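2 protein chains.
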Amino acid sequence: MPARPRTLHFNLFLHDTGHHEASWRLPGADPTSNLSLAAHQHLARVAEDAKFDSIFLADSPVLWSDPGRRPSGKLEPTVLLAALAVSTSRIGLIGTASTSYNEPYNLARRFASLDHLSGGRAGWNIVTTAGEGAARNFGLDDQPLHRARYERADEFLDVATKLWDSWSDDAVVADKASGVHALGSHVRPAGHEGEFFRVAGPLNVPRSPQGYPLLVQAGSSEDGKEFAARWAEAVFTAQPTLEESQAFYADLKRRAGAVGRDPDGVVVLPGIVPVIGETEAEARELDAQLDRLIAPQYALTTLARTLKVDPHRLSLDEPLPLDLPDEDEIEGAKSRRTLIVDWARRDRLTVRELIGKLGGGRGHRTFTGTAVQVADTIQHYFENGAADGFNIMPAVLPSGLEAFASQVVPILQERGLFRTEYEGTTLREHYGLARPRNRHDDGAGVPELGRVTAGVA
Amino acid sequence: MPARPRTLHFNLFLHDTGHHEASWRLPGADPTSNLSLAAHQHLARVAEDAKFDSIFLADSPVLWSDPGRRPSGKLEPTVLLAALAVSTSRIGLIGTASTSYNEPYNLARRFASLDHLSGGRAGWNIVTTAGEGAARNFGLDDQPLHRARYERADEFLDVATKLWDSWSDDAVVADKASGVHALGSHVRPAGHEGEFFRVAGPLNVPRSPQGYPLLVQAGSSEDGKEFAARWAEAVFTAQPTLEESQAFYADLKRRAGAVGRDPDGVVVLPGIVPVIGETEAEARELDAQLDRLIAPQYALTTLARTLKVDPHRLSLDEPLPLDLPDEDEIEGAKSRRTLIVDWARRDRLTVRELIGKLGGGRGHRTFTGTAVQVADTIQHYFENGAADGFNIMPAVLPSGLEAFASQVVPILQERGLFRTEYEGTTLREHYGLARPRNRHDDGAGVPELGRVTAGVA
Ligand SMILES: Cc1cc2nc3c(=O)[nH]c(=O)nc-3n(C[C@H](O)[C@H](O)[C@H](O)COP(=O)(O)O)c2cc1C
Ligand SMILES: Cc1cc2nc3c(=O)[nH]c(=O)nc-3n(C[C@H](O)[C@H](O)[C@H](O)COP(=O)(O)O)c2cc1C
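Protein chains in written order, with the UniProt record's numbering: chain F, 1 to 457; chain B, 1 to 457.
Rather than coming from a laboratory, the hints here were simulated on the basis of the structure. Remember, it's a predicted structure, so these values are computed and weren't measured experimentally. Some hints here could point you the wrong way.
What the hints assert, rightly or not - Mimicking PhoX-like on lysine-lysine, the simulated pairs with C-alpha atoms at most 25 Å apart in a straight line are:
#1 B:K308 - B:K253
#2 B:K176 - F:K176
#3 F:K357 - B:K176
#4 F:K253 - F:K308
To be verified - Quick list of the computed label-pair ranges, beta carbon to beta carbon:
#5 B:R439 - F:T420: 54 to 62 Å
#6 F:L322 - B:P189: 46 to 54 Å
#7 F:G194 - B:G260: 55 to 63 Å
#8 B:E193 - F:R346: 39 to 47 Å
#9 B:R346 - F:S185: 34 to 42 Å
Heads up, the beta-carbon is just placed ideally off N, CA and C, and yes, glycines get one too.
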């Protein structure tokens, strides 16, 4: 078989009226779309019509922002994605859930259920959940230490994969004549006894179409990257420049190789905020219009919290203070803090300017320009070791998605860089990844994509 | 306004190929319907076309039966119901979830999300989950004591309702001009500090169409009935005879009154297994055919476990042994054990006969006969203080539901006992119940059904 040409992958990061924090204030915006099934259905369908690999919902079990600042209520991802599974037929459905504030049995089961319901389109963005806000909703005074959160995450994945493997792919025989529904010998306990969890199993859901959901990860600290190298099949990341994207890409592929995995088995998807205009000037004006709508009082408080400084020490028209706490002192989102500080210092931004940049893409790269310019930049990243695809984060929704789908996608399709039709049916097939093998099975009878199966009797 | 005539309520208890444990072995059965979205969609739509109040999914976070015995995999209810919310438009969606093996923040949020998604059709069947099997999936060696499970359930509801009330109904103003999305003063912490839980809040989902999901309960022990009297708006119960149904009905209404609630605010729904034939003889033959398909080896083990006796002490053609453990010694499902033993002794059943009866309705009343006979019995229960409606548990699905919907429902509609059209849009409206008031609001602007609102400015 001739080698398949390498092609792009697109994930749509859903975010009610858009990723720009002031997007809900635009005249055309539906400011309650965060709670609207119809609004989410529309976005999912536009992305599916444009042949995106997947849609994605971020999440945390806490009220994320000041409720005054922007739409802050969020429907729980596994529930919302189950509804969207019915409204779509091909696109992948990736939901975020925390390993720090869930029990493995319950969460493994919900994702297995979603994978069954959607015919193999479920993905799990695995996060450890920074911040004491979430901790305080679960009986704790403060978040567990960063290292401890990742240790728990590791064991959580160990338990979850044991549960997902507890039914062999061929366990259900449904033999009406003999009255045997599933083979008892093919349904096995998980028998997990660890530091954080003791879970007997088996799961009460048979193995799902994909075996288990696509494992996605988005933490960029040292611990986060090591975790990604061990477990993740797709990685979201915020990288403000091409060079930083290239460095991250190379680093993550190297780490995956170092733990014995095929580096091609980890898809790296930097976030981009495309802002598209008929002309570059028009795109820039849209950007500026949005930044003018940001109410700085909320953003200042958030920035101070991320940096662990007293908000009174930040003045809107001054640069960041020089004496900020180090990454090492921060137990929350370490990589995000470092990214923000480096960016402000490199570009000599005032606090107000920094807030503008963060309000737009929150540290992700903004691609502002015409459709051709955006397509060129995407291609340049893709062909220069910076990305396997992109996490598309429109500043304004649905219009930013519609513009990307109708103007940028056709250019990339024409260049042979993006699919014009779905070829597979599961989320892993869209990303060109192999179905995970069940640890108890010999693999015969379970075709694995992207691997040679010859030699298996 | 003239008093509305009292009318029946129907809930469909979904159970893949049917409530009879051998139903999956019938020639027409789809033995993998337990994992099929399409099969669930079909059942939900038939029930909705027949104007049922709701559909219901039972659940436990453990493999419930021997995987050989019958379809044992179960999709997680909140996820499955979210999908069914898209496939239906009026019928209520009730899912079971355990207070013993969930965190209040996560569960309150999933049900609030389902209520938003479905436009106010969510219900929660609150269970405390008997059995050490589930306990062993959550780090425990055995289940918590029965009393402790209900104490936790009480506090769980206290936390959940605080979270559901944390957003006032009018908190979201979405004022684009001023840039204020929700009023900070109308979003309040939960501030819960109790014996089992400490939860700061607020919830990250605004108050949902119904305020919160309909609260349903199904435990019939002393602690269970007290819990139901305090919290439940609808109660499922297994009562094998008319007299027992009447006694349960009167007892529960009395208990609700004793804690200061309006007894009409608790809807009592005994389970019935309708087996319908063209003639009574045909119905009885269907019953017998199903019982012959039961594989007794599995049922015997389950019965022994429920009764806490060694399976070797049970012989298929003998009555139950006389020296069985008392209800007091049982930490699991107390009421179920008592029901089974009383039934076996009263009707002088052998173990084989008892297994036949349990395999069919699992302790619920079977109504076997023609459509008119079934309708008559329903009416008799309804008009003689035994039920406000029924939890319909067809022995075989979808055929048993289709027969009930097409033959029994029209008779009851003709008699003016059941609706021919939905009048409201929410699940509580179907059951004629009032929308719960938010503890922080004065009630103005939040119309409450079934209560006089005159006098509120
Ligand atoms: C595109 C993207 C999406 C993310 N989504 C979430 C999310 O939904 N929930 C969450 O808690 N963290 C989310 N994060 C944050 C990371 O999971 C992680 O906590 C953060 O990058 C800090 O990294 P660290 O935990 O490795 O220090 C996201 C990060 C990125 C780049
Ligand atoms: C119709 C009906 C449905 C039930 N569904 C469930 C269920 O889904 N999950 C569960 O754990 N228990 C379920 N139960 C059992 C009860 O919640 C309860 O555990 C049992 O009746 C024992 O009562 P007790 O806990 O008050 O002793 C159900 C009971 C009935 C009557």
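Problem set entry | Structure versus earlier hints - violations, ascending order | 1, 2, 4, 6, 7
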